[in-house]
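Sequences are here, hints too, so could you generate the full structure?
Quick note on numbering that gives the first Met the number 0: the sequence shown kicks off at 0 and runs consecutively.
Among the hints, erroneous ones may be present.
[Claimed, not checked] With a cut-off of at most 16 Å between alpha-carbon atoms, the simulated EDC-like pairs for lysine to aspartate or glutamate come out as follows:
hint, residue 1, residue 2
1, K192, D168
2, K197, D210
3, K190, D201
4, K81, D116
The set of hints was computed from the structure by calculation and includes no laboratory data.
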Amino acid sequence: MADRTLVAVLVALSAVAIYGGPTSSPIHTARCLVNGTYYSPGESFQRDPCSPCFCGNKGQPICAITDCFFIPCVNPVNDPTKCCPICPDGPNCRVGNVTISSGKDHVVGANTCRCTDDHHALCRPNGCMHNGKHYPDGSFRPSACEHCQCRSGRVSCAIADCFFSPCVDAVHKPDVCCPVCPNGPNCYHGKTKIPAGKDYNDGQQICRCPDHFHFGSGGQQAVCRVVIDPTTAQAHV
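Put into structure tokens, the structure is as follows:
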């Protein structure tokens with residue numbers, strides 16, 4: 000009899016532990032059922048590639064939806080394992096019927112084009128702009144004294160420096176940077192032009208243009224020395 004009483008007590012205590020008391024209802028744990036799979040409250044899962052979810056406390060899945068705002072290419076393809084379309088050839092844009100990759104310049108016909116940050120094409124004529132004028136790739140001379148180079152839309156120039164013209168009658172020619180001496184190097188003695196390298200005797204002096212090492216440092220005047228008449232010199236002895 001005592002054994003039967005003990006068993007009855009244990010059964011009663013077990014019932015209290017399971018149901019929380021004689022009047023309590025059983026404790027049920029709500030789970031989420033999604034696509035045939037059960038998830039526990041708080042458990043994360045993917046309903047589809049664009050919907051990250053977790054299971055709520057009441058057995059309702061709570062999901063966020065990913066929006067594919069911007070696709071950085073003109074030829075996206077759908078990947079069933081990805082949420083958004085992918086660009087198999089990388090970011091690009093289109094110029095007419097030509098697709099160009101982002102990040103560098105492309106020559107398309109007579110233009111050089113590049114994809115912008117919003118993946119539209121921005122094109123400019125091939126060559127360079129210099130002082131408001133367009134020049135093709137390669138070397139060019141915007142003026143007689145400038146030698147320039149156009150490369151990848153950038154211009155670099157070297158400008159000639161005209162030093163001293165070795166004559167007194169220099170002239171400018173349209174296609175020549177520095178003045179030229181049509182009559183060769185020369186200088187003045189008074190108002191008389193003397194060719195360089197030749198003596199000029201005015202009866203009292205012998206004059207000559209300075210040599211090219213000093214030409215210009217002393218002006219454009221000839222260097223003269225006095226002519227001594229031997230007869231006059233003898234009379235004074």
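Is the hinted pair K81 and D116 satisfied, with a Cα-Cα distance of at most 16 Å?
-> Distance of about 24 Å is beyond 16 Å: violated.
Satisfaction of hint between D210 and K197, Cα-Cα up to 16 Å = Given pair K197, D210 holds - Cα atoms ~11 Å apart, limit 16 Å.
Does K190 pair with D201 here, judged by a C-alpha cut-off of 16 Å?
-> Satisfied, since the Cα-Cα distance of roughly 12 Å is no more than 16 Å.
Taken at face value, is the distance from the CA of D168 to the CA of K192 at most 16 Å?
-> Cα-Cα ~9 Å, so holds.
The structure is inconsistent with hint 4 alone, although it conforms to all the rest.
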